[in-house]
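*Asks:* So the chains spell out like this:
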Amino acid sequence: MKASLSYRGFQIINGLIMTLVCIFTLYPFVYLIAQSFSSEGAVYAGKVSFFPVEFTTQTYATLLSKPDFFRYYGNTILYSVVGTFIAVAGTAILAYPLSKEKLRMNKFFIPFVLFTMYFGGGLIPNYILVAKTMGMRDTIWAIIIPGAISAFNVILMKTFFASLPNEIEEAAKVDGLDVYGIFMKITIPLSKPIIATMVLFVIVGIWNNWFGPSLYLQSKDKWPVALYLRQIIENAISPTEVGATSDSTTQIAATIKSTAMVLTSLPIICIYPFVQKYFVQGMMIGSVKG
Amino acid sequence: MAVGNKAAVDAGPLWKHVKKEWKLYTFLVIPVIYFLIFKYAPMLGNIIAFRKYRGGPNLFGTEWVGLSYFKMFMKDPIFWRAFYNTLFLSIVYLIFRFPLTLGFALLLNEIVRTKRKKFVQTVSYLPHFISMVIVAGMVKEMVSLTGPINTLIAKFGFEKIQFISSPEWFSTLYITSGIWQGLGWGTILYLAAMTGINTELYEAAKIDGANRFRLAWHITIPGILPTIMTLLILDIGGIMGSNFEKILLLYNPLTYETADVISTYVYRMGIGGGQFGSVGGNFSYATAVGLFEGIIGLILVTTANFISKKTTESSLW
Chain B
31 MKASLSYRGF QIINGLIMTL VCIFTLYPFV YLIAQSFSSE GAVYAGKVSF
81 FPVEFTTQTY ATLLSKPDFF RYYGNTILYS VVGTFIAVAG TAILAYPLSK
131 EKLRMNKFFI PFVLFTMYFG GGLIPNYILV AKTMGMRDTI WAIIIPGAIS
181 AFNVILMKTF FASLPNEIEE AAKVDGLDVY GIFMKITIPL SKPIIATMVL
231 FVIVGIWNNW FGPSLYLQSK DKWPVALYLR QIIENAISPT EVGATSDSTT
281 QIAATIKSTA MVLTSLPIIC IYPFVQKYFV QGMMIGSVKG
Chain Z
352 MAVGNKAAVD AGPLWKHVKK EWKLYTFLVI PVIYFLIFKY APMLGNIIAF
402 RKYRGGPNLF GTEWVGLSYF KMFMKDPIFW RAFYNTLFLS IVYLIFRFPL
452 TLGFALLLNE IVRTKRKKFV QTVSYLPHFI SMVIVAGMVK EMVSLTGPIN
502 TLIAKFGFEK IQFISSPEWF STLYITSGIW QGLGWGTILY LAAMTGINTE
552 LYEAAKIDGA NRFRLAWHIT IPGILPTIMT LLILDIGGIM GSNFEKILLL
602 YNPLTYETAD VISTYVYRMG IGGGQFGSVG GNFSYATAVG LFEGIIGLIL
652 VTTANFISKK TTESSLW
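Note that the protein sequences, when read in sequence, are chains B and Z. Under this note's numbering, think of the first position of the first sequence as 31, with each following residue one higher. Under this note's numbering, think of the first position of the second sequence as 352, with each following residue one higher.
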């Protein structure tokens with residue numbers, strides 16, 4: 031069937047809309063990168079739009095010459111690794127029994143988990159619990175533990191476990207494996223796709239988290255890079271603090287925010303295109319009601 | 352339910368069942384304790400909305416004060432301003448975002464070339480993964496006096512606008528940045544639902560002479576209606592919540608008038624955080640306000656779910 035004229039017109043307009051959406055989405059990134067490599071004079075004169083004006087790497091050099099930035103980056107990596115391990119392990123051991131229809135008490139435990147999706151403690155009771163009752167203030171645990179297991183992720187994993195063919199587990203049972211052996215040696219290896227998805231979800235969450243750290247971490251040396259960035263954006267950190275000399279202060283002041291934003295989001299932007307499909311896949315599994 | 356998992360549920364007394372499956376039940380011990388401590392204890396901790404909390408580790412307060420904190424905030428005009436702002440920002444945002452997301456999903460679905468479609472998807476999902484700190488930072492850079500938007504405004508001969516400190520511009524910044532960040536990601540569930548529509552329906556309709564617009568209207572939209580309804584329920588349930596982190600990063604005392612929402616108000620009253628106009632330490636008062644917000648949210652999502660169940664037979668539970 032030949033496409034009608036109006037249909038081809040529609041396709042052209044649609045292509046135009048899609049191009050505009052892409053430009054709209056990407057432009058802020060382009061602008062930030064351009065600004066971070068431009069001179070202060072060009073930035074203050076509003077000359078930067080798409081490309082760096084009066085190209086300079088001075089702000090990058092200054093920011094990266096001090097150990098601060100790397101230390102905050104290191105903290106973020108540490109929190110991501112430990113946090114991801116705890117979150118994924120916790121989610122898996124909860125989701126596994128919930129995926130077994132033969133467990134009669136799931137009638138109670140599934141709603142027990144689901145209810146937390148719709149109602150929560152709220153900011154203040156959570157804060158009191160974590161900071162005061164549990165005494166986690168100023169420790170890595172305050173950042174990692176409270177959000178480690180979420181009902182959404184549990185449902186995601188439960189749905190995946192339930193879709194695995196029962197016969198494999200039955201065969202393993204015949205071979206003499208008990209429940210723990212089956213879980214560790216059969217179910218977990220078969221669940222690599224969902225585990226990959228979950229690892230990515232959790233890493234992005236921890237990488238981007240600044241609010242939890244701002245509530246609980248008093249010691250500056252424990253800050254993750256997101257919180258450091260926030261202080262830079264709020265002008266709470268002066269150019270000299272990041273290592274500007276007297277003749278580079280204005281240059282640093284003009285572009286430090288965009289430079290720090292580029293450096294902080296760089297890992298996510300670089301890895302994201304390659305792992306995007308895992309996120310999408312995770313959303314799809316989660317959308318199928320368990 | 353899942354295919355390979357049809358093991359019969361055994362009858363008989365519960366203790367026998369537990370005795371037989373105890374190893375599986377042991378998996379639940381740590382996570383259930385975790386849920387009790389980190390999800391249910393704070394829920395019960397809301398009790399300090401009715402009790403005096405005097406600091407320290409006792410999450411549940413020391414003595415009953417009845418509804419006095421509720422009476423206090425009900426008389427506070429700042430609370431009502433935050434209440435109004437919360438509803439206004441959420442509803443206006445929903446009005447823009449919901450049709451835009453649905454429309455974008457339908458248009459994405461019309462892209463014939465797979466590679467092109469993948470590209471647009473990859474680009475439009477990206478902002479979802481960017482930290483709120485960066486999103487807020489970007490907004491500030493984009494609308495600053497030397498930023499591209501004001502440069503453009505100046506080029507056309509208009510006067511530059513102080514976006515960040517103007518209360519009348521806050522909702523625009525909030526909604527635009529929300530759409531920038533969420534438009535692409537919001538389409539995922541729609542696109543998933545679209546791939547589930549039987550292609551024979553389209554073939555049959557084409558033979559009957561239906562054009563692309565009729566196909567979208569009569570097949571695609573009805574096919575994804577359950578998804579539309581589910582997302583709408585979730586959105587309506589979320590009306591009392593706002594993008595707390597983004598507002599906290601974007602607002603300032605000059606824009607409190609239009610930007611202060613219930614959750615930021617709770618934050619300033621309870622935690623303080625050194626922000627202007629923040630008191631901090633009023634834990635019970637802030638909890639009362641937060642609880643009020645949470646309960647209205649729960650009522651909203653339950654009601655929306657009920658209405659959806661009655662009218663379209665799709666529901667969350």
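Check each hint, because a few of them may be wrong.
Stated by the list, open to error - Using 25 Å as the maximum straight-line C-alpha spacing, the simulated BS3-like pairs for lysine-lysine come out as follows:
| id | chain 1 | residue 1 | chain 2 | residue 2 |
| --- | --- | --- | --- | --- |
| 1 | B | Lys222 | Z | Lys469 |
| 2 | B | Lys137 | Z | Lys374 |
| 3 | B | Lys222 | Z | Lys374 |
| 4 | B | Lys307 | Z | Lys466 |
| 5 | B | Lys130 | Z | Lys367 |
| 6 | Z | Lys370 | B | Lys215 |
| 7 | Z | Lys367 | B | Lys203 |
| 8 | Z | Lys469 | B | Lys215 |
| 9 | B | Lys222 | B | Lys130 |
| 10 | Z | Lys469 | B | Lys203 |
| 11 | Z | Lys370 | B | Lys132 |
| 12 | B | Lys137 | Z | Lys371 |
| 13 | Z | Lys371 | B | Lys215 |
| 14 | B | Lys252 | Z | Lys466 |
| 15 | B | Lys77 | Z | Lys511 |
| 16 | B | Lys130 | Z | Lys370 |
| 17 | B | Lys77 | Z | Lys422 |
| 18 | Z | Lys422 | Z | Lys403 |
| 19 | B | Lys132 | Z | Lys367 |
| 20 | Z | Lys403 | B | Lys250 |
| 21 | Z | Lys491 | B | Lys203 |
None of these hints come from the bench; they were simulated from the model.
*Asks:* Would you mind marking each hint as holding or not holding in the structure?
*Replies:* These are the hints, each one checked on the structure:
1. B/Lys222 <-> Z/Lys469: 24 Å, holds
2. B/Lys137 <-> Z/Lys374: Between B/Lys137 and Z/Lys374 the Cα gap is close to 18 Å, so the pair holds against 25 Å.
3. B/Lys222 <-> Z/Lys374: Holds: B/Lys222 and Z/Lys374 sit about 23 Å apart, inside 25 Å.
4. B/Lys307 <-> Z/Lys466: Distance ~14 Å between B/Lys307 and Z/Lys466 Cα, so the pair holds.
5. B/Lys130 <-> Z/Lys367: 17 Å, holds
6. Z/Lys370 <-> B/Lys215: 24 Å, holds
7. Z/Lys367 <-> B/Lys203: 21 Å, holds
8. Z/Lys469 <-> B/Lys215: 36 Å, violated
9. B/Lys222 <-> B/Lys130: 19 Å, holds
10. Z/Lys469 <-> B/Lys203: At roughly 43 Å apart (the allowed maximum being 25 Å), B/Lys203 and Z/Lys469 break the hint.
11. Z/Lys370 <-> B/Lys132: 13 Å, holds
12. B/Lys137 <-> Z/Lys371: 17 Å, holds
13. Z/Lys371 <-> B/Lys215: OK: Z/Lys371 and B/Lys215 at ~22 Å, within 25 Å.
14. B/Lys252 <-> Z/Lys466: 43 Å, violated
15. B/Lys77 <-> Z/Lys511: 15 Å, holds
16. B/Lys130 <-> Z/Lys370: 16 Å, holds
17. B/Lys77 <-> Z/Lys422: Between B/Lys77 and Z/Lys422 the Cα gap is close to 54 Å, so the pair fails against 25 Å, i.e. violated.
18. Z/Lys422 <-> Z/Lys403: 14 Å, holds
19. B/Lys132 <-> Z/Lys367: 13 Å, holds
20. Z/Lys403 <-> B/Lys250: Between Z/Lys403 and B/Lys250 the Cα gap is close to 33 Å, so the pair fails against 25 Å, i.e. violated.
21. Z/Lys491 <-> B/Lys203: At roughly 60 Å apart (the allowed maximum being 25 Å), B/Lys203 and Z/Lys491 break the hint.
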